[in-house]
Amino acid sequence: MLIKIPKSYQLKESAVTSEQIYRDRRSLLKQMGFLGAGALLASSTKSNAGVFDYFSKEESRQFITKPLNYAKSIKDQQVLTPEMKVITHNNFYEFGTKKSQPAELAQNFNVKPWQLTISGEVDNPITLDYDSLYKSFDLEERIYRLRCVEAWSMVIPWIGFSLAKLIKKASPNSKAKYVAFETLYDPEQMPGQASRRLGGGINYPYVEGLRLDEAMNPLTFMSVGLYGKTLPPQNGAPIRLVVPWKYGFKSIKSIVGIKLVEKQPASTWNLLAANEYGFYANVNPAVDHPRWSQASERRITTGGLFARNRIETHPFNGYGEEVASMYKNMDLRKNF
Amino acid sequence: MFVINYSKQFSTKSKSIALKFVIHLVSLLPLINLYYLAFTDNLGADPVEAVIHFTGIGAFNLLLLTLLVSPLAKKMKQGFIMNSRRLLGLYSFTYASCHVFNFFAFDLQFNLNLLLSEIIKRPYITIGMVAILLLTALAITSLNRIKRQMGKSWQKLHNYNYLIVLLVNTHFYWSVKSEIIEPIIYISVTLILLALRRQKLKLLFFNRK
Numbered sequence: 124m125l126i127k128i129p130k131s132y133q134l135k136e137s138a139v140t141s142e143q144i145y146r147d148r149r150s151l152l153k154q155m156g157f158l159g160a161g162a163l164l165a166s167s168t169k170s171n172a173g174v175f176d177y178f179s180k181e182e183s184r185q186f187i188t189k190p191l192n193y194a195k196s197i198k199d200q201q202v203l204t205p206e207m208k209v210i211t212h213n214n215f216y217e218f219g220t221k222k223s224q225p226a227e228l229a230q231n232f233n234v235k236p237w238q239l240t241i242s243g244e245v246d247n248p249i250t251l252d253y254d255s256l257y258k259s260f261d262l263e264e265r266i267y268r269l270r271c272v273e274a275w276s277m278v279i280p281w282i283g284f285s286l287a288k289l290i291k292k293a294s295p296n297s298k299a300k301y302v303a304f305e306t307l308y309d310p311e312q313m314p315g316q317a318s319r320r321l322g323g324g325i326n327y328p329y330v331e332g333l334r335l336d337e338a339m340n341p342l343t344f345m346s347v348g349l350y351g352k353t354l355p356p357q358n359g360a361p362i363r364l365v366v367p368w369k370y371g372f373k374s375i376k377s378i379v380g381i382k383l384v385e386k387q388p389a390s391t392w393n394l395l396a397a398n399e400y401g402f403y404a405n406v407n408p409a410v411d412h413p414r415w416s417q418a419s420e421r422r423i424t425t426g427g428l429f430a431r432n433r434i435e436t437h438p439f440n441g442y443g444e445e446v447a448s449m450y451k452n453m454d455l456r457k458n459f
Numbered sequence: 052m053f054v055i056n057y058s059k060q061f062s063t064k065s066k067s068i069a070l071k072f073v074i075h076l077v078s079l080l081p082l083i084n085l086y087y088l089a090f091t092d093n094l095g096a097d098p099v100e101a102v103i104h105f106t107g108i109g110a111f112n113l114l115l116l117t118l119l120v121s122p123l124a125k126k127m128k129q130g131f132i133m134n135s136r137r138l139l140g141l142y143s144f145t146y147a148s149c150h151v152f153n154f155f156a157f158d159l160q161f162n163l164n165l166l167l168s169e170i171i172k173r174p175y176i177t178i179g180m181v182a183i184l185l186l187t188a189l190a191i192t193s194l195n196r197i198k199r200q201m202g203k204s205w206q207k208l209h210n211y212n213y214l215i216v217l218l219v220n221t222h223f224y225w226s227v228k229s230e231i232i233e234p235i236i237y238i239s240v241t242l243i244l245l246a247l248r249r250q251k252l253k254l255l256f257f258n259r260k
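The listed protein sequences correspond, in order, to chains A and B. Sequential numbering from 124 applies to the first sequence in my numbering. Sequential numbering from 52 applies to the second sequence in my numbering.
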């Protein structure tokens with residue numbers, strides 16, 4: 124048996140930290156590590172999140188967006204809306220009516236598996252699953268202005284493909300005159316669909332529509348990403364429409380169905396208040412919303428309260444050259 | 052006994068001061084915090100919308116609190132609560148003024164023509180402006196000196212608070228896109244508060260005829 128002779132560095136039992144204190148310290152360190160990791164995760168998608176930090180700590184998980192391969196857009200003079208603002212200021216009533224709610228309530232949204240069907244008056248119906256959303260067509264970046272009917276706007280670098288390519292692939296027949304779109308209906312995942320209070324009294328699923336020539340216009344875009352990555356759920360993951368010359372509510376999110384049809388399809392906001400939201404909903408400074416002016420808008424970029432960001436609104440959101448000819452024989456005051 | 056004496060140590064005056072202190076705190080601190088976050092661009096993507104909504108709903112909450120004061124004071128038999136009514140009213144006016152200023156300064160960015168056309172063209176803004184003008188009249192006449200000079204007509208003027216609260220309800224209800232549940236909750240609370248003083252309202256209505 125070895126006889127122990129304590130060395131100077133060997134402490135007596137009395138010096139041992141009590142187990143309680145030890146445990147408290149471990150759990151404190153654990154919490155710090157957890158919070159630290161949480162902060163890292165949060166900062167990867169939204170640096171400077173500010174007040175939004177409060178909920179990101181409570182979230183059980185953050186929706187993961189992945190980098191995409193795409194052809195970059197030529198940079199123009201427009202100042203982009205910062206990514207943090209694009210992904211935290213959303214009208215997506217399926218996840219709550221407040222602008223900040225979708226970013227809070229959509230993080231657990233499941234996009235895998237996903238099915239997007241193109242059907243109706245087509246010779247070749249198509250079903251795209253999650254992976255083929257990104258693989259069926261070459262992806263390109265488009266920097267578009269987005270003008271909300273509430274008179275604010277953003278400039279967003281979308282990634283996706285022309286809707287025309289998708290429709291051509293389905294080869295519409297001669298009866299196809301309009302295109303009807305439908306958002307996923309899943310009240311278990313979309314709290315706004317389950318609760319009238321959160322969902323703003325809309326009858327879900329959200330539906331939208333375009334005339335076939337509008338849908339085939341080269342500007343009309345199916346977006347699967349923004350700012351170089353796949354779409355976050357609050358922006359309409361995994362796939363959404365972007366129609367830059369129309370008010371934002373036309374650009375339907377999280378699409379599961381595209382149907383080529385003969386008659387003008389229903390659209391959600393038009394059903395809710397036909398005197399306020401038309402089927403066409405082309406951006407038009409000359410036709411006011413009954414409750415606010417559409418002559419100007421506030422461009423959301425940076426600068427806080429003192430950002431002098433009120434700018435003139437342009438007909439067709441400035442895309443008149445590309446789209447005005449489609450409406451040349453129409454009274455846009457009636458067909459607002 | 053000590054216990055009884057102890058409770059009596061708080062005079063009505065000190066209780067009243069304590070209540071006012073709390074009202075100052077809970078009214079001022081959120082407002083300072085709000086503008087600090089908004090000026091530094093830390094109030095979400097659209098700080099303009101955020102400050103407009105916060106001050107609007109804040110003014111409305113404070114206005115409803117002024118209507119709660121007298122029923123509460125009667126119910127609890129605590130007269131000192133009544134002393135806080137003017138302060139609540141003045142804070143409601145402060146928030147409402149910030150609300151209008153936010154709209155004009157940060158949303159319309161001092162475009163006077165746009166402000167005037169919006170006031171004329173949009174019923175919910177017209178109604179909101181009427182409410183703030185009436186509220187301004189109540190705020191100015193809340194000074195003791197003016198109150199004394201006005202005599203009986205002071206109460207007559209301040210009964211317009213009931214009209215103001217109805218206007219503000221309409222303003223809120225008409226301003227939303229489709230999310231009407233919150234405005235409906237406010238309407239319900241208003242109706243309850245008015246029902247608590249139905250005798251007085253009946254009298255008011257009756258005397259006018």
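One should not assume that every hint holds.
Said to hold, decoys possible - Below, a list of computed lysine-lysine pairs in the DSBU-like style, where the Cα atoms sit at most 30 angstroms apart: (1) Lys-235(A) <-> Lys-208(A); (2) Lys-66(B) <-> Lys-457(A); (3) Lys-128(B) <-> Lys-251(B); (4) Lys-221(A) <-> Lys-288(A); (5) Lys-221(A) <-> Lys-172(B); (6) Lys-128(B) <-> Lys-172(B).
Unchecked claim - Where chain B lies over chain A, by a calculated footprint (3+ residues, C-beta under 8 angstroms): (7) 312–324; (8) 332–346; (9) 375–389.
The hints are simulated quantities; they were obtained by calculation from the structure and are not laboratory data. Values in this document were obtained by computation on a predicted structure and should not be read as measured data. Glycine is no exception: its CB is placed at the ideal position from the N, C-alpha and C atoms.
Hints breached by this structure: 2, 4, 6, 8 and 9
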